[in-house]
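> When you get a sec, could you build the whole thing from the sequences and use the hints?
Chains as they are written, first to last, in the working numbering: chain U, 1 to 513; chain D, 514 to 583.
Don't take every hint at face value.
[As the list claims (entries may be wrong)] When the alpha-carbon atoms are kept at most 20 angstroms apart in a straight line, the in silico SDA-like pairs for lysine to any residue are as follows:
{"hint": "1", "chain 1": "D", "residue 1": "Lys-549", "chain 2": "U", "residue 2": "Tyr-437"}
{"hint": "2", "chain 1": "U", "residue 1": "Lys-324", "chain 2": "D", "residue 2": "Ala-563"}
{"hint": "3", "chain 1": "D", "residue 1": "Lys-549", "chain 2": "U", "residue 2": "Lys-298"}
{"hint": "4", "chain 1": "D", "residue 1": "Lys-549", "chain 2": "U", "residue 2": "Val-454"}
{"hint": "5", "chain 1": "D", "residue 1": "Lys-549", "chain 2": "D", "residue 2": "Thr-524"}
{"hint": "6", "chain 1": "U", "residue 1": "Lys-324", "chain 2": "D", "residue 2": "Gln-558"}
{"hint": "7", "chain 1": "D", "residue 1": "Lys-549", "chain 2": "U", "residue 2": "Ala-431"}
{"hint": "8", "chain 1": "U", "residue 1": "Lys-298", "chain 2": "D", "residue 2": "Gly-539"}
{"hint": "9", "chain 1": "D", "residue 1": "Lys-549", "chain 2": "D", "residue 2": "Ser-531"}
{"hint": "10", "chain 1": "U", "residue 1": "Lys-324", "chain 2": "D", "residue 2": "Lys-518"}
Because the hints were derived from the structure by calculation, they are not lab data.
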Amino acid sequence: MLHTKDLDQMLVEKSKEIEAGGHEKYHQKLKEQNKLFVRDRLALLFDKGIYQEDGKYANNLAGDLPADGVVTAIGEINGQKVCVMANDSTVKAGSWGARTVEKIIRIQETAEKLRVPLLYLVDSAGARITDQLEMFPNRRGAGRIFHNQVKLSGMIPQICILFGPSAAGGAYIPAFCDIVIMVDKNASMYLGSPRMAEKVIGEKVTLEEMGGARMHCTVSGCGDVLAANEEEAIQSARQYLQFFPANYLNKPTFIEGKLPKEGKSLQEIIPVNQNAPFNMYEGIDTLIDEGSFYEIKKLFAPEIITGLARIDGRPVGIIANQPKVKGGVLFVDSADKAAKFITLCDAFHIPLVFLADVPGFMIGTKVERAGIIRHGAKLIAAMSSATVPKISVIVRKAYGAGLYAMAGPAFEPDYCVALPTAQIAVMGPEAAVNAVYSNKINEIEDPKERVAFVQQKQQEYKETIDIYKLASELIVDDIVPAAELRRVLIDRLSAYETKELEFVQKKHPVYPV
Amino acid sequence: MKEIKASMAGTVLQILVSEGEEINEGQVVVMLESMKMEIPIESGQIGKVASIKVEIGDFVNEDDELLVLE
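Given below as structure tokens:
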């Protein structure tokens, strides 16, 4: 005759069994791959490693599918309540059965009603094909996970940490998240595996080539942060979350401000020669609290820099051209990178600071055929419709649509400020003189006379775009010396804190894509 | 063999190395001009310049070979 304490004892043993995950040989395999067991990941992710788990007993009657291969839990990160889904790759390679999918959907529903961030710790081979009828096509099948992600997008932060594969349909979990942190050499994502590609289309490539973390963080732009190992990836997610409120109804929190990193001043960094490169990272360092920069898509489209930072303890989103890479010119990828970052910050009330030194969008057949016009329009649409405080700093040049892309005056930045080095124009002096006087220049026979003529016209042009002239016409709101820029940003961001603006009432835009 | 390619379309402004020269990772080997900007092209690795594929004034498209390392 069983007593209650016997039942309790059986439960304790069963629970331990489940918490041990899959067979020992799969744990061994993890060690060989420098991977952590799912519950060890959660111990690092959550404050004090504490969490409340739902659905631990899912599929417990099967015997070899503990928790049906996924842990779904509520816990805290830096004191902020969060929900988490984490695949267990020791259980059928982290693949999805019917109950796996149901657990994921339920933790999404929990995050929605608690209005807290949701993290997806992905390490999964994809669907269990043997169970596909139960988990793939139905209303509460796998597709529902993605439908929910789209519903939750912008309502709560959704973060993906990719530790292993996210194959086929599973690759959409990262795709719908605000940010994807990938572990180098282990994380991978692809719609079709190399094995499938060889069978179905005849292509022969390695896993890294098809969908490795490095490829996605440098080439495709599907990855945002490349972490060297699992511990770094988890720390990165913890750091990222600190910039965000729990949900869209709250504002981000301040912390204690810090002075910027000691180093060269902005005046020393910006060269007098408008066509010479400089390192915009050094410029950013002079403006933000030391050590506060969290860069997003660092390895992708490096001609533009996007990252979260703090200015006197306040979270901000920085978008800055990088003249050292491709002259800071805007390309298809840079437009996409900036557009996503702007919508991320706007969704969660993070003010935007644009640092412009941009010769314009790239020209030429290669980019035209890649659709630079519509990608650039996407960037401009995102910036235009952002209603967070928008500050546009014209650091050096801002020509043509480059000015527009970097929140130029027509797009209602709250403050458009120029440094004395600023040059704003539809195009630079050389291109402009070439366009307007091309016939005249060709008529001049003497080469010395031609050069003198061109130089004179360029000088006249430079005078028309003198920054004091533009400020006189109220084209820019202010001119400040480089040394005062941080102080000015601190004051202005404080002033615009109470900004409340609805862009337009309508169902939704027809977004350029 | 490793090729150093143009990062964007433009014209060759300066060639800063010569054939047979040993170069370091991160060293600027060619200066392009594009969009009226000076575009430094850096080597991604240590190596010895095997051949230079362009001359000053040449138009190059994105991904065109500029020089080849051994």
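> Look at each hint and say if it fits the structure.
Hints versus structure:
As the CA atoms of Lys-549 (chain D) and Tyr-437 (chain U) are separated by approximately 17 angstroms, the hinted pair is consistent with the 20 angstroms bound. Between Lys-324 (chain U) and Ala-563 (chain D) the alpha-carbon distance is near 26 angstroms, which puts this suggested pair outside the 20 angstroms criterion. With a CA separation close to 25 angstroms, the supplied pair Lys-549 (chain D) and Lys-298 (chain U) exceeds the 20 angstroms bound. With a CA separation close to 15 angstroms, the supplied pair Lys-549 (chain D) and Val-454 (chain U) stays within the 20 angstroms bound.
Restraint check: the Cα-Cα separation between Lys-549 (chain D) and Thr-524 (chain D) comes to about 10 angstroms, which is no more than 20 angstroms; the hinted pair holds. About 18 angstroms separates the Cα atoms of Lys-324 (chain U) and Gln-558 (chain D), which keeps this hinted pair within 20 angstroms; it holds. As the CA atoms of Lys-549 (chain D) and Ala-431 (chain U) are separated by approximately 8 angstroms, the hinted pair is consistent with the 20 angstroms bound. A hinted pair counts as satisfied when its Cα atoms are at most 20 angstroms apart, and Lys-298 (chain U) with Gly-539 (chain D) qualifies at roughly 17 angstroms.
This hinted pair does not check out: Lys-549 (chain D) and Ser-531 (chain D) have alpha carbons roughly 25 angstroms apart, beyond 20 angstroms. Among the hinted pairs, Lys-324 (chain U) with Lys-518 (chain D) is consistent with the structure: their alpha-carbon atoms are about 16 angstroms apart, no more than 20 angstroms.
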